[in-house]
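Student: The lines below spell out each chain.
Protein chains: 2
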Amino acid sequence: MKEIGIGLLGFGTVGAGVVEGLQKNSPLLARRLGVRLALRRVADLDLESDRGVKVDRAIMTRDAREAIHDPAVDVVVELIGGTDVARELIRETIEAGKPVVTANKALLAKHGAELFDLAFRKSVPLGFEASVGGGIPIIRALREGLVADRISAIFGILNGTCNYILTRMENENLAFDDALKAAQKEGYAEANPALDIDGHDTAHKAVVLATLAFGGAVPLDRVHVQGIRGMAKADMDYALGLGYRVKLLAVIRNRGGSLDIRVHPALLPLDHVLSSVSGVYNAILIESDLAGKTLYYGRGAGRLPTASAVISDISTIARAIAFGGMRSLPSLPMTSRKSAPFVNAEESESRFYLRMSLQDRPGVLGKLATILGRHNVSIASVLQQEERRGRHVPVVILTHRAAETDVRRAVALIDRLRFVGNRTVSLRIED
Amino acid sequence: MKEIGIGLLGFGTVGAGVVEGLQKNSPLLARRLGVRLALRRVADLDLESDRGVKVDRAIMTRDAREAIHDPAVDVVVELIGGTDVARELIRETIEAGKPVVTANKALLAKHGAELFDLAFRKSVPLGFEASVGGGIPIIRALREGLVADRISAIFGILNGTCNYILTRMENENLAFDDALKAAQKEGYAEANPALDIDGHDTAHKAVVLATLAFGGAVPLDRVHVQGIRGMAKADMDYALGLGYRVKLLAVIRNRGGSLDIRVHPALLPLDHVLSSVSGVYNAILIESDLAGKTLYYGRGAGRLPTASAVISDISTIARAIAFGGMRSLPSLPMTSRKSAPFVNAEESESRFYLRMSLQDRPGVLGKLATILGRHNVSIASVLQQEERRGRHVPVVILTHRAAETDVRRAVALIDRLRFVGNRTVSLRIED
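Top to bottom, those sequences are chains P and B. Per our numbering, residue 1 is the first one in the first sequence, and the count goes up by one each step. Per our numbering, residue 1 is the first one in the second sequence, and the count goes up by one each step.
Quick caveat, the hints were computed from the structure, so don't treat them as lab data. Beta carbons are placed, not taken as given, at the ideal position from N, Cα and C, and that holds for glycine. It is possible that some hints are incorrect.
[To be verified] Negatives, chain P to chain B, calculated, CB over 12 angstroms:
1) ARG65
2) ASP84
3) PHE176
4) ALA234
5) ASP235
6) ASP237
7) GLY241
8) ARG253
9) LEU304
10) PRO362
11) ILE371
12) LEU417
[To be verified] Ranges of calculated distance between the beta carbons of each label pair, as one might list FRET restraints:
13) GLN23(B) / LEU417(P): 55 to 63 angstroms
14) GLY52(B) / PRO219(P): 38 to 46 angstroms
15) GLU346(P) / GLY34(B): 33 to 41 angstroms
16) ILE379(B) / ALA175(P): 38 to 46 angstroms
17) GLU95(P) / GLN23(B): 38 to 46 angstroms
18) GLY12(P) / GLY34(B): 30 to 38 angstroms
19) GLY187(P) / GLY324(B): 44 to 52 angstroms
20) ASP56(P) / ARG121(B): 32 to 40 angstroms
Please model the entire structure based on the sequences and the hints provided.
Tutor: Structure representation (structure tokens):
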């Protein structure tokens with residue numbers, strides 16, 4: 001049986017998971033693939049720490065380039081993270097004509113166009129199953145399973161940290177800061193959680209999915225991003241009372257040929273298939289013209305789920321190396337380096353949840369309604385509960401579909417009124 | 001751009017869907033694949049009926065062999081159904097060295113071992129994405145996405161007809177017969193519904209999934225099959241009152257190296273991810289050692305969802321033909337023609353739902369409990385409601401985990417007692 005050599009760059013959490021997966025299921029993999037996967041090189045600056053897996057010291061090196069150019073290495077796995085060194089190492093690997101597997105969504109979101117283009121020109125496969133959805137084989141599903149389908153929309157819960165925080169806030173009645181601390185204690189959030197809670201990680205994954213679905217370059221800076229930092233428990237409670245749950249969503253839509261890509265907290269009806277996705281789980285709902293609605297659900301992160309995805313990419317490439325067919329692997333996501341056009345904010349319509357802070361006196365609600373109406377925002381329902389604690393009472397309004405810019409302008413006017421207290425909270429509703 | 005010729009055998013509902021999909025998304029497919037898919041031959045006994053799609057009469061034939069052996073045909077798509085003619089035509093295609101794509105789960109469940117073996121010997125790919133889960137790319141997910149994973153269990157709602165019937169019974173308070181009639185009227189059930197409602201279609205799909213997951217031949221006759229025919233609405237109501245929903249499940253388990261494959265109606269807790277799958281939707285939950293739990297959900301049947309899966313198989317093969325690499329396509333499911341060992345019924349444990357029909361008089365429940373206890377079946381909860389209509393009252397018992405044979409023996413004894421009316425209804429609980 002042929003052996004295919006693997007060079008691992010980055011021996012952190014996921015790297016150790018890949019080694020564990022390869023060791024644990026080695027005979028099973030060989031039987032399924034008809035090829036043996038052999039770990040030939042592991043590069044990391046830290047050669048000392050115990051990762052809980054055994055690796056022969058002789059194959060370890062501090063020099064990533066040594067691993068890349070070792071003739072015994074047929075496939076290079078980049079698990080270093082970051083967008084500078086990783087980018088250089090991947091470029092160097094592709095230039096050397098060797099296939100690459102990466103889990104690096106930030107890198108793909110920022111430099112995907114360049115790297116996919118290089119890989120295409122060099123006829124070298126670039127695997128990235130692990131970049132979105134951890135152990136969920138979503139890249140395969142979207143690129144190969146739905147290859148015949150025109151994708152109209154993708155809705156994703158793509159960040160386990162945020163979903164874990166929102167779930168704990170809801171289930172244990174925690175404030176955002178306390179749920180974040182709990183997530184950090186459990187190892188589900190980084191000491192610096194900005195990448196997750198400010199929505200950037202979700203945006204990176206949204207860019208990868210949109211690139212696959214629509215086949216053009218998707219500039220990261222065209223994605224509207226809003227995270228869950230400071231999410232008020234009160235809004236989750238009001239939403240729940242109205243039959244909605246708040247989730248951090250990536251929403252990718254094809255509106256008549258123009259892309260609308262957004263990351264933000266959104267209200268989902270309780271019977272929506274995504275609203276029951278809790279804890280660190282991820283899920284992706286795809287709407288397409290032939291298959292209809294399909295949903296993919298699983299652990300969005302963690303060492304072994306991510307390792308499962310990495311090894312699946314290695315396996316496909318290993319068969320192509322062993323039996324021929326590198327050029328027939330699924331084509332790269334970019335069928336065009338030109339970016340698809342994006343919708344203007346004016347065209348982006350939605351229903352909205354608005355929580356206003358108002359003085360409880362006659363005529364106030366009427367004034368609001370007038371301002372909203374003048375901006376073509378019509379009210380679907382109002383929730384105002386008696387509350388005697390402060391000078392202001394919360395008033396929750398659900399609107400009918402309205403243009404985002406109209407809602408923004410109306411809210412800006414409303415927030416300047418004398419009888420309005422704190423700034424209005426505005427969240428989208430996805431039905 | 002290269003063109004790959006398709007020969008279609010069977011121009012029924014799904015066949016017409018495939019033609020529609022190929023026509024509708026032709027430029028998109030070409031852009032994504034780098035290859036053009038060209039319909040070159042359509043074979044069907046009926047050349048007259050209008051299928052709602054336009055096909056050049058010149059490429060139509062009544063002779064499937066003409067399509068198979070046409071030099072312009074590179075890939076043959078079998079959508080005839082049945083297990084006799086289809087088997088012969090697929091054998092003939094493979095013998096001729098041409099790749100085959102099929103949606104025929106009955107054929108694969110009965111003659112998969114033979115066909116996969118032949119395809120392997122001839123180095124010819126055999127695509128069957130459409131055989132399970134309609135538009136859900138479950139074959140790819142299991143075979144390629146989870147290639148690194150040891151699968152411990154698969155739970156599937158695999159038959160849209162049954163799930164539609166159960167959903168209507170529950171939502172509209174219909175008896176089984178009325179829900180079946182409704183399904184037939186909507187086109188979701190055949191005039192002869194036996195294949196669906198007796199569980200055989202689900203069993204065929206379970207065999208395909210088990211073959212992929214465990215890599216050995218899975219004899220269909222080793223699968224325990226019980227359908228939903230005659231399912232009593234009362235049992236669904238009692239189950240719901242106790243926090244469970246009844247679904248027709250395929251359950252595939254690896255119990256320490258032995259297979260346990262069953263198809264039967266089962267009680268699922270309301271918070272179980274599969275219990276909210278309603279109507280004609282299918283879902284497959286996979287438990288594996290690296291990825292953990294992953295779930296795949298979508299339309300399990302229908303012309304366009306099935307066409308999406310068929311065209312995805314054609315596409316993979318088309319790239320392999322155009323760019324080389326036929327031998328590197330994912331290997332066939334059988335790594336061994338030897339069947340995996342199966343568990344004995346004695347070893348198969350579960351919790352059970354039992355509905356007994358008892359005379360309402362003192363001491364009766366005690367006698368039941370004694371008989372169950374003597375067979376190592378212990379009671380978790382009892383539900384007995386006052387009911388004065390007949391001589392007998394229903395008593396519902398949920399058991400703790402017990403061996404299936406113990407439960408069967410106990411129930412057989414109980415059903416012979418003088419104070420027992422109708423035969424006891426026994427359903428498994430999957431937690």
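Student: Does each hint hold? Answer for all of them.
Tutor: Checked hints:
For ARG65(P), the requirement that its beta carbon stay farther than 12 angstroms from each beta carbon of chain B is met, with the minimum near 27 angstroms. With a closest Cβ-Cβ approach of about 30 angstroms to chain B, ASP84(P) is found to remain outside the 12 angstroms limit, as its non-interface label requires. A cut-off of 12 angstroms between C-beta atoms confirms that PHE176(P) is not in contact with chain B; the least separation is 25 angstroms. Even its closest Cβ contact with chain B, about 26 angstroms, leaves ALA234(P) beyond 12 angstroms, as expected for a residue assigned away from the interface.
Every C-beta of chain B lies more than 12 angstroms from that of ASP235(P), the closest at about 24 angstroms, which supports listing it as non-interface. No Cβ of chain B approaches the Cβ of ASP237(P) within 12 angstroms, the least distance being about 21 angstroms, so the stated non-interface status holds. Remark: the non-interface label on GLY241(P) is consistent with the geometry, its nearest Cβ contact in chain B lying 21 angstroms away (cut-off 12 angstroms). Every C-beta of chain B lies more than 12 angstroms from that of ARG253(P), the closest at about 17 angstroms, which supports listing it as non-interface.
With a cut of 12 angstroms on Cβ distances, LEU304(P) falls inside the contact zone with chain B, its closest approach being about 4 angstroms. Taking the minimum C-beta to C-beta distance to chain B, about 45 angstroms, the non-interface status of PRO362(P) holds against the 12 angstroms cut. The non-interface label for ILE371(P) is consistent with chain B: the shortest C-beta to C-beta separation is roughly 40 angstroms, beyond 12 angstroms. Look at LEU417(P): its CB is around 43 angstroms from the nearest CB on chain B, clear of 12 angstroms, so calling it non-interface holds up.
Between GLN23(B) and LEU417(P) the CB atoms are about 57 angstroms apart, so this pair conforms to the stated range of 55 to 63 angstroms. Separation of GLY52(B) from PRO219(P) is about 41 angstroms and conforms to the stated range, judged on CB atoms against 38 to 46 angstroms. Judged by the Cβ atoms, the range 33 to 41 angstroms given for GLU346(P) and GLY34(B) holds: they are separated by roughly 37 angstroms. In this structure, ILE379(B) and ALA175(P) meet the distance hint of 38 to 46 angstroms, their C-beta atoms being roughly 44 angstroms apart.
At roughly 41 angstroms, the beta carbons of GLU95(P) and GLN23(B) sit within the given window of 38 to 46 angstroms. With their beta carbons about 36 angstroms apart, GLY12(P) and GLY34(B) fall inside the hinted range of 30 to 38 angstroms. At about 45 angstroms, the CB distance of GLY187(P) to GLY324(B) agrees with the hint of 44 to 52 angstroms. The given range of 32 to 40 angstroms is respected by ASP56(P) and ARG121(B), whose C-beta atoms sit roughly 39 angstroms from each other.
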